[in-house]
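Participant: Next come the chains, spelled out residue by residue.
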Amino acid sequence: MNNKILKQELLAPGHMGCPGCGASLVMRYVLEVLGPKTMVVMPAGCWPTFVGLYPSTCLRVPVMSVPFATTAMAAAGVRASLDRQGKGETNVLAWAGDGGTFDIGLQALSGAAEKNTDIIYVCYDNEAYMNTGIQRSSATPPGCWTTTTPASAPKLEPKKNIVEIMAAHRIPYVATASVGYPRDLMDKVEKAKGLKGTRFLHILASCPTGWRHDTELTMEVARKAVECRAFPLYEVWDGVRWSLTPMAAKTPVTDYLNMQGRFKAMSAPQREVFQNWVDEDWARLSEKCGDNPAA
Amino acid sequence: MKRVIMGTETAALAAVLARVQVVAAYPITPQTVTVEELSDYIGKGELDAAYITVESEHSAMAACVGASATGSRTFTATSSQGLALMHEMLHHAAGGRLPIVMLNANRALSPPWNLYCDHTDSLSQRDTGWIQYYCCDVQDVMDSTFIAYRVAEKVMLPVMINLDGFYLTHTSEVIDVPDQEEVDRYLPPYDPADKVDVDNPSTYGCVCGADLFSSLKYRRQMETLAVEQAWQEASDEFAAQFGRSHAPVQGHNLDDAEVVIVTIGTAGGAAQLAADALREEGVAAGSLNLAMVRPFPYESFRRAVSGAKHLVVLDRDVSFGAEGIVAQEVKSCLYGKSSAQVHCYIAGVGGMDITEEILADMARESLGGQKQGLELGDSIWIKVLP
Ligand SMILES: Cc1ncc(C[n+]2csc(CCOP(=O)(O)OP(=O)(O)O)c2C)c(N)n1
Ligand code: SF4
Ligand SMILES: [Mg+2]
Chain G
1 MNNKILKQEL LAPGHMGCPG CGASLVMRYV LEVLGPKTMV VMPAGCWPTF
51 VGLYPSTCLR VPVMSVPFAT TAMAAAGVRA SLDRQGKGET NVLAWAGDGG
101 TFDIGLQALS GAAEKNTDII YVCYDNEAYM NTGIQRSSAT PPGCWTTTTP
151 ASAPKLEPKK NIVEIMAAHR IPYVATASVG YPRDLMDKVE KAKGLKGTRF
201 LHILASCPTG WRHDTELTME VARKAVECRA FPLYEVWDGV RWSLTPMAAK
251 TPVTDYLNMQ GRFKAMSAPQ REVFQNWVDE DWARLSEKCG DNPAA
Chain Y
1 MKRVIMGTET AALAAVLARV QVVAAYPITP QTVTVEELSD YIGKGELDAA
51 YITVESEHSA MAACVGASAT GSRTFTATSS QGLALMHEML HHAAGGRLPI
101 VMLNANRALS PPWNLYCDHT DSLSQRDTGW IQYYCCDVQD VMDSTFIAYR
151 VAEKVMLPVM INLDGFYLTH TSEVIDVPDQ EEVDRYLPPY DPADKVDVDN
201 PSTYGCVCGA DLFSSLKYRR QMETLAVEQA WQEASDEFAA QFGRSHAPVQ
251 GHNLDDAEVV IVTIGTAGGA AQLAADALRE EGVAAGSLNL AMVRPFPYES
301 FRRAVSGAKH LVVLDRDVSF GAEGIVAQEV KSCLYGKSSA QVHCYIAGVG
351 GMDITEEILA DMARESLGGQ KQGLELGDSI WIKVLP
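Residue numbers (the numbering used here), protein chains in the order written: chain G, 1 to 295; chain Y, 1 to 386.
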C-alpha cells in the first residue's frame, strides 16, 4: 500500500511473522487510524511472538504482554490508570486472537464490556490457535482441518457468533471487518475511535500458514470470505441497530473453500454443512439489519 | 516393541496404553503434540475415550475433576502458564482425592515470555497436594505413566508427570513400547470404591466443620507421606514385570560417594557423566536423580546420601527472596539428620543448557570451598549477564 493511503507507519519493517501474515497487516491498518498515542495490550498468540525479541520491536507504540486469559481486564487497568493521570486521549487497544477472545479471554472481555470500559478491543481472527501450531478454537468454521480436528475427528460445531455475544452487552459499537478490505477496516476503526466505551472490532485475518494458501493470496482469500458471506461485514450500534456494509453479490462458498488447504479434506456433505451454516447465519443477519443504512 | 519416539508422543501413547477414558486438554507449547496426538488416536478409534476440547486450562482441569469424580480414568497435559492458570483446580483435584494423571512440560513462566525449560512452574505447585514425578528420559515418560495410574488409583491422589520442555518433550529416543496385554496386566481397569453416583447419593466437597476439616487434612497428609513407599512398591512390581525401575530416588555410584550431585529432570544424565569424570580425577563422586519431589521421599533420600559430605544441588528454578527450591527441600530433609554441606546452584533457567562440565565445575568448586558465580542469598547463579 502506498503512502497516499497510509500517512504514518507504526509497523516498522522486520516483524517475525510469516510472509503474507494477515494479522500483521490488520495491526498496520488499525494503528494507522489510532496513531502513536496508543497503548497495545496483548495476550499470548502469534502477535507477541513476532513483535520482536527484546529489545527489538516492530511497533512504534508501547506493547504490554499479558497472560492469555486477561486481555480486556488488563486493558481496563491501563485505562483506569491513564484516566487518573489525565491521559484520557491515549487509546487503549486490547488486541487478541480468536483463541484469546472467543475462548480463554471471554470472561474478562465480558466483564470489561458489561462495565462499558473505555477500550478498543480488536480480535484478529485467523480461526485457530496458530501460535501453538493450528489447533481448533471456537472460531474455527465447521469441517475445517486443524491439528485437534484432524480428518479422523472433524469439527462439527459452527463458528461461535462472537458479535451477537458482544452486541448483547449493548456496547456502543461492534463491527466486523476483513484485512482484504483495508479502506472499510480503517473507516470502522475511525468510527470506533470517535466513540467512548467498549468498542469491539472483529477482523478476519487470513493466515497462509494455518489456512494453507499461497502467501500472495492473503488479501484475496480475505475478500472471498466476505463475498461468500462466511465472514459478512456489518456494524452494530448500541447492541440494537444492525446495519450491513455494502458488499459484492453473494457467491457460493466453493471458491473460498477451494483456495485453502485447510478445507481440502472436506467431504461433499461437510461442504453442504458449511454452506448451510453460512446461509442460515446470513439470513438471520440480513433480517436483523433490514434496510438500515450504514451509518 | 522398539520404537523411535518423541517425549510428547510417548506421553500420548502411554495414555492410550493406559486406556484412559476421558481426556480434556488445552494446547500450549511445548506440550501440544500430546493433545494433538490424542485427538487423532480418539478420532481414529484407536482409543475408546471422550476428548473434551476446552477453552482454558482452568476448564481442562475442571472437566477432569468431573470425569474422575464419576469414575473415569482421566488424563490431561499442560505446561507453564497453563499450569499456573490451573492452580485453583489443582487444589480441588487433590483435595477431592481424584487419581487424575497429568503431563506437565516444564517451561518458564512469563514475563518476559520464554518457551524453554525451567522448573519453577511445577515446583511452585508443590503445595497443591499432587504427587510430582520428574522424568529423566523418554522411556521414563512411558513407564512412569503406568506407575502413576497404579499409584494414583491406589492412594487416590493425582499425579503430575513432569517433562523438561524441549530437552525431553521434543527429543526422540529408542524406547521399548510394551504390548497392550502387558500393560493391562500391570494396570487393571479403574474401579473406584467411591464415586459420585445416583445409587449412593451423597455430597461431594460441600461444607464441613473445622473438626472434620482438620482431620481430613491430617489424614491426607499421612496418606500422602505414605506415597513414597507406595510408589517404590509399584516401581518394584513394574521392574519385576518389565525389567526397568523408576524409583522416587535414583542413585549413581552413591555407595562411597563423598560428593553427590543432585538434580531433577533430564540433567540427571549430565550429572552421571560429571560424577564419572570426577571419579577419574580421584574424587569420590556420585549423582542422585530426585525423581519424586512430592511427597518428598525423605527415607530414600536420607539413606541414599548417608555417607556424603557435600551435596551439590542444581536448581533450574528459584524461589525469589529465598533460594533454589530443590535445595530448600534437600536442606529441610537433612536438617538434624546429616552434617553434609548443601551447595545450591541455580542454572539452566529459561532454557540455558546444563552440561557435564558445568556440573563437574560446581562440584569442584564446592569441594574447594571457593564459590564463583554470582552469589545471592545462599545460592550461586551460573552464567548470569553482568
Ligand atoms: C494460560 C495459557 N494457556 C495456553 C497458552 C499457550 N498458547 C499460546 S498462544 C496460544 C494460541 C493463541 O491463539 P489465538 O488467540 O487465536 O492467537 P493466534 O496464535 O492465532 O495469533 C496458546 C494456546 C498460554 N500462553 N497461556
Ligand atoms: S501462523 Fe498465521 S497468524 Fe501466525 S504469524 Fe504465521 S501467518 Fe501470521
Ligand atoms: Mg487465532
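I should point out that these hints are in silico values taken from the structure, not numbers from a laboratory.
Take the hints with a grain of salt, since some may be wrong.
Derived DSBU-like pairs: lysine-lysine, alpha-carbon spacing no greater than 30 Å straight-line [claimed, not checked]:
hint : chain 1 : residue 1 : chain 2 : residue 2
1    : Y       : K154      : Y       : K217
2    : Y       : K2        : Y       : K44
3    : Y       : K217      : G       : K264
4    : G       : K191      : G       : K37
5    : G       : K37       : G       : K87
6    : Y       : K44       : G       : K160
Pair by pair, the computed Cβ-Cβ distance ranges are [unchecked claim]:
hint : chain 1 : residue 1 : chain 2 : residue 2 : range
7    : G       : T254      : Y       : S245      : 23 to 33 Å
8    : Y       : T203      : G       : L195      : 23 to 33 Å
9    : Y       : M352      : G       : G52       : 16 to 26 Å
10   : G       : R84       : Y       : K44       : 41 to 51 Å
11   : Y       : E299      : G       : N161      : 40 to 50 Å
Don't be surprised by glycine CBs; every beta carbon is placed ideally from N, CA and C.
Participant: Each hint needs a verdict: does it hold in this structure or not?
Facilitator: Each hint tested on the structure:
1. Between K154/Y and K217/Y the CA atoms are separated by roughly 18 Å; this keeps the pair inside 30 Å, and the hint holds.
2. Simply put, K2/Y and K44/Y have alpha-carbon atoms about 23 Å apart, close enough for the 30 Å limit, and the pair holds.
3. For a cut-off of 30 Å, the pair hint linking K217/Y to K264/G is broken: about 55 Å separates their Cα positions.
4. For the hint linking K191/G to K37/G, the alpha-carbon distance of about 17 Å falls within 30 Å, and the restraint holds.
5. Restraint check: the Cα-Cα separation between K37/G and K87/G comes to about 10 Å, which is no more than 30 Å; the hinted pair holds.
6. Between the alpha carbons of K44/Y and K160/G the distance comes to roughly 26 Å, so the proposed pair stays at or under 30 Å and holds.
7. Separation of T254/G from S245/Y is about 59 Å and departs from the stated range, judged on CB atoms against 23 to 33 Å.
8. Evaluation of the 23 to 33 Å hint for T203/Y and L195/G yields a failure: the beta carbon distance comes to about 49 Å.
9. Range check, M352/Y to G52/G: Cβ separation about 21 Å, and the 16 to 26 Å hint holds.
10. Checked against the hint of 41 to 51 Å, the C-beta distance between R84/G and K44/Y comes to roughly 56 Å, which is inconsistent with it.
11. Checked against the given bound of 40 to 50 Å, the beta carbons of E299/Y and N161/G, roughly 58 Å apart, lie outside it.
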